[in-house]
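Chemist: Listed here are the chains, written in short residue letters.
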Amino acid sequence: MTWRAGVARLPRELHPLAWWAWAVGLAAAASLTSNPYLQLLVVAVVCLVVLLRRSAHPWSRVFGLYLALGVVIVLTRVFFRVLVGGAYGTEVLLMLPEIPLPEWVRGIQILGPVTQEAVLGGLYDGLRLATIVICVGAANALANPKRLLASMPAALYEVGTALVVAVNVMPQLAAAVRRVRAAQRLRPAPRGRRRRLTSVRRVLVPVLEDALERSLSLAAGMDTRGYGRSGGQTRRQRWTAGGLQLAGLAGIAVGVYGVLDLTAPRWLALPMLAVGTALAFAGIAASGRRVGRTRYRPAPWRWPETVVTLAGVAVAVGVWLVGRSEPLVAQPSLLAPPLLTLGALAAPLVGLAALLAPPPPQTDARPDDRSDAAPHGRVELEEVDA
Amino acid sequence: MIELRDVTFGYDDESGPVLRSVDLEVDEGELVLVAGRTGVGKSTLLGVVPGLVPRFTGGTLRGDVLVDEVSVVDLPPRERAHLVGYVGQNPVAGFVTDTVEEELAYGMEQLGLAPATMRRRVEETLDLLGIADLRARDLRALSGGQQQRVAIGSVLAVHPRLLVLDEPTSALDPTAAEEVLATLTRLVHDVGLSVLLAEHRLERVVPFADRTCLLVGDGTVRVGETAEVLRTAPVVPPIVDLGRRLGWDPLPLSVREARRAARRTGLPAAPRVPAAATRPPVLRAEALTVAHGRRAVLRELDLALPGGAVTALMGRNGAGKSTLLWALQGSRKRYAGTVAVAADLADPTGPTLDPAALAADDRVRRVGLVPQTAADLLYLETVAQECAAADDGAGAPPGASAALLESMAPGIDPERHPRDLSEGQRLALVLAVVLVAEPPVVLLDEPTRGLDYPAKEALAATLGRLAGAGHAVLVASHDVEFVARVADRVVVLADGEVVSSGPVRDVLAESPSFAPQVAKIAGERWLTVDEVVAAHEQSHGQAGS
Numbered sequence: 364m365t366w367r368a369g370v371a372r373l374p375r376e377l378h379p380l381a382w383w384a385w386a387v388g389l390a391a392a393a394s395l396t397s398n399p400y401l402q403l404l405v406v407a408v409v410c411l412v413v414l415l416r417r418s419a420h421p422w423s424r425v426f427g428l429y430l431a432l433g434v435v436i437v438l439t440r441v442f443f444r445v446l447v448g449g450a451y452g453t454e455v456l457l458m459l460p461e462i463p464l465p466e467w468v469r470g471i472q473i474l475g476p477v478t479q480e481a482v483l484g485g486l487y488d489g490l491r492l493a494t495i496v497i498c499v500g501a502a503n504a505l506a507n508p509k510r511l512l513a514s515m516p517a518a519l520y521e522v523g524t525a526l527v528v529a530v531n532v533m534p535q536l537a538a539a540v541r542r543v544r545a546a547q548r549l550r551p552a553p554r555g556r557r558r559r560l561t562s563v564r565r566v567l568v569p570v571l572e573d574a575l576e577r578s579l580s581l582a583a584g585m586d587t588r589g590y591g592r593s594g595g596q597t598r599r600q601r602w603t604a605g606g607l608q609l610a611g612l613a614g615i616a617v618g619v620y621g622v623l624d625l626t627a628p629r630w631l632a633l634p635m636l637a638v639g640t641a642l643a644f645a646g647i648a649a650s651g652r653r654v655g656r657t658r659y660r661p662a663p664w665r666w667p668e669t670v671v672t673l674a675g676v677a678v679a680v681g682v683w684l685v686g687r688s689e690p691l692v693a694q695p696s697l698l699a700p701p702l703l704t705l706g707a708l709a710a711p712l713v714g715l716a717a718l719l720a721p722p723p724p725q726t727d728a729r730p731d732d733r734s735d736a737a738p739h740g741r742v743e744l745e746e747v748d749a
Numbered sequence: 015m016i017e018l019r020d021v022t023f024g025y026d027d028e029s030g031p032v033l034r035s036v037d038l039e040v041d042e043g044e045l046v047l048v049a050g051r052t053g054v055g056k057s058t059l060l061g062v063v064p065g066l067v068p069r070f071t072g073g074t075l076r077g078d079v080l081v082d083e084v085s086v087v088d089l090p091p092r093e094r095a096h097l098v099g100y101v102g103q104n105p106v107a108g109f110v111t112d113t114v115e116e117e118l119a120y121g122m123e124q125l126g127l128a129p130a131t132m133r134r135r136v137e138e139t140l141d142l143l144g145i146a147d148l149r150a151r152d153l154r155a156l157s158g159g160q161q162q163r164v165a166i167g168s169v170l171a172v173h174p175r176l177l178v179l180d181e182p183t184s185a186l187d188p189t190a191a192e193e194v195l196a197t198l199t200r201l202v203h204d205v206g207l208s209v210l211l212a213e214h215r216l217e218r219v220v221p222f223a224d225r226t227c228l229l230v231g232d233g234t235v236r237v238g239e240t241a242e243v244l245r246t247a248p249v250v251p252p253i254v255d256l257g258r259r260l261g262w263d264p265l266p267l268s269v270r271e272a273r274r275a276a277r278r279t280g281l282p283a284a285p286r287v288p289a290a291a292t293r294p295p296v297l298r299a300e301a302l303t304v305a306h307g308r309r310a311v312l313r314e315l316d317l318a319l320p321g322g323a324v325t326a327l328m329g330r331n332g333a334g335k336s337t338l339l340w341a342l343q344g345s346r347k348r349y350a351g352t353v354a355v356a357a358d359l360a361d362p363t364g365p366t367l368d369p370a371a372l373a374a375d376d377r378v379r380r381v382g383l384v385p386q387t388a389a390d391l392l393y394l395e396t397v398a399q400e401c402a403a404a405d406d407g408a409g410a411p412p413g414a415s416a417a418l419l420e421s422m423a424p425g426i427d428p429e430r431h432p433r434d435l436s437e438g439q440r441l442a443l444v445l446a447v448v449l450v451a452e453p454p455v456v457l458l459d460e461p462t463r464g465l466d467y468p469a470k471e472a473l474a475a476t477l478g479r480l481a482g483a484g485h486a487v488l489v490a491s492h493d494v495e496f497v498a499r500v501a502d503r504v505v506v507l508a509d510g511e512v513v514s515s516g517p518v519r520d521v522l523a524e525s526p527s528f529a530p531q532v533a534k535i536a537g538e539r540w541l542t543v544d545e546v547v548a549a550h551e552q553s554h555g556q557a558g559s
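Read top to bottom, the protein sequences are chains A and B. According to the working numbering, the first sequence is numbered sequentially starting from 364. According to the working numbering, the second sequence is numbered sequentially starting from 15.
Hints in this document: simulated from the structure, not taken from any laboratory. One or more hints might be untrue.
Listed next, the in silico EDC-like pairs over lysine to aspartate or glutamate satisfying Cα-Cα at most 20 Å (straight line) [stated by the list, open to error]: (1) LYS534/B to GLU524/B; (2) LYS509/A to ASP152/B; (3) LYS470/B to GLU545/B; (4) LYS347/B to ASP316/B; (5) LYS509/A to GLU115/B; (6) LYS534/B to GLU217/B.
With the sequences and hints as input, model every part of the structure.
Modeler: Below, the structure written as structure tokens:
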């Protein structure tokens, strides 16, 4: 049966939920440790997988931005530790002159001695946050965010479509602002005192008018194509399903509160959470069963999806085990060089199992290939003497 | 099959009904054209069928809409989705998903078709419209013609009984428009689909229409055989105009019929127009190169715009026409090359300026540009305020723009909101706002979009006057008939390079896809109906005396 299993590895788009589970697993692992080696290892694994498995779609190109954001996070963290580090720690690396502050801001110290603890603490903290951010960026680059929304349960379909539309709005608004700004520069600008005020208005009014018109025509387009058809549901069925979902949501909210607030009565905690979840699922099932809507080519869930998900979970569990058995490796001292053991080294590398995922299909969806993509009839013209 | 019965629609103000007792029936496998001047309610009439009017527009609708003798007038648009497919004026604005395949499936998902059926119909639709190679493409990365075909395909996949199209070819170049129309005729003939469509450029669709529904202007309609209706219509394509003025009977609707009639009548030989003396260029671009990332949009392009002449810029969708206009204006960054505008219109050979090196406020005094979405320039509440702001900004005496506007589009109430003007009036307002700075060079990007024949005639007259005053005018346009009417010279762009340039007669005569209808009927080197009719009368006058 090997040939059968191999089919799942031929180029295709992996189920977006699998990528998100993997990325969340790695992010969880990063949050469980402050060891910089482990963080860097996680980032390296993430980068490698993204480079080898991302598609050519526009959303995949944002990964570089997330990496840059990570670097900025680390730098700011260290910078602020040095700037207002206070005098904690003992190993002084550098004596900087302290800027004297008035008496009433006692407790805040600007510059002054720079300690190894402050710098390393900032570095480890920043690295941890940066790694989590990069993991989220990886999920965004690997999984089509719109496909993720599309894999929501049928009962949440309408909400999902609304979110897809909302995701599309921002780039459209940005394009409209660019277009209108260029157009407004084609007419002489009004002079006078209120020039700055009018220049905002000159862009805002046409952009908002344009956005309003667009959203109306999108709504009209969706409506004429059947979005929101009743699908044979009676009013009573819709009310039942909606009521169940709402009650479930309320139950989950109360339950989460009960779990987190240790002073709350215990019956509010896990039992309430369970009841809420059950109600919500009942509501989703009740409306999902009656939805007269189908899905075109839903993303399949095959063994590579399972492998990718398990790889993410395994990394999180592995790092958690390291923290249990070797606390000094997971939370290194700020005075000594961080340690690394074979087990700790292996944990993030398990994440590389995600490379078993099939490569993305080859597409040519590059939005700037507009003109050479138009295979219209060739117009043959000869040069004419003017 | 689909029937509008005594439909009356009006907004709840004192302006009177938009549609008045309209009766219209569309049979199975029939293509019905909706024609009429701008603003008579073509889009409103089309919107009644899928139910967008009055649900998305407000107003009151009376009368009945029947599908197979069953009234659907009380159903919302979504409950009519399986019966009526609707494609609006701007297909991109109606796209919900982001790839071709998903967009084709979207309507079927809403109707709850079985996955196997959906799969089969998506493939059928891809083949039917000839877009199978685009299946995984990003919708926003397609050309205009491709987007239009995807939009049609996405409603066709649902297998509606009737397809309603609002100006399906208005944004397309002649070749792409022919593709879309050929697809439609094939669907009408092969699948038995019924089509109801509105179009401004009648010359493109009249040969395909079985019947025509003419909106007269007071809300009533006249429905009948296309030739019958067009005999007295206020908006007609050049072919019908020629036939009417030469008294041809039956009235020809296609080039083939008109040729036959022309052979019977005998038309005079093509005129020998002496080449006009070339005047020195007011704007000159040399080796102009514009890049988008690493891709050249314009490649080492040379262009000279003589003063006192209208030059037309033609070419496919995406050939780089808009980019060229913005680069000439100076806002679009050049990769290489030079653009030089004469500093003084009276002395074109004198010192020159590079518009890109000027500040934005100085640039508008050198090169005026009316962009494709002209309304982007307007932001105030009344026409009078717009004119005053333009006068103030340009340092012109108060009332200068208002006078310009009056000369182009007389009789606009200065207290009206610019959004409430007709397309032609709004274009005139934008043109006035741009021209008040008295730029020697005027560039226009697709100005004829949404204009009917009288409005185009008014625009042509305005451009002619500008050229007469010594301005250099460059008009980018897909509209062959408009170019034939207005241009002195034509530049054809393909893939960022100039493939042809010269006097309008030479360039248009050479190309089958850019030839105006008159040239196809009466022979090369003819451009407008007026010319042919004048020559015909002259030769007949001589024969009679």
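Chemist: Need the status of pair LYS470/B, GLU545/B: alpha-carbon distance at most 20 Å?
Modeler: holds (18 Å)
Chemist: Measure nothing beyond the straight line between the CA atoms of LYS509/A and ASP152/B; if it is 20 Å or shorter, mark the hint as holding.
Modeler: holds (13 Å)
Chemist: Within 20 Å, alpha carbon to alpha carbon, are LYS347/B and ASP316/B?
Modeler: holds (16 Å)
Chemist: Please verify whether LYS534/B and GLU524/B have alpha carbons no more than 20 Å apart.
Modeler: Roughly 11 Å between the alpha carbons, so the hint for LYS534/B and GLU524/B holds.
Chemist: Going straight from one Cα to the other, do LYS534/B and GLU217/B come out at no more than 20 Å?
Modeler: Given pair LYS534/B, GLU217/B holds - Cα atoms ~12 Å apart, limit 20 Å.
Chemist: Mind checking the alpha carbons of LYS509/A and GLU115/B for me, to see if they're no more than 20 Å apart?
Modeler: The hint holds at about 14 Å.
In summary, this structure violates none of the numbered hints.
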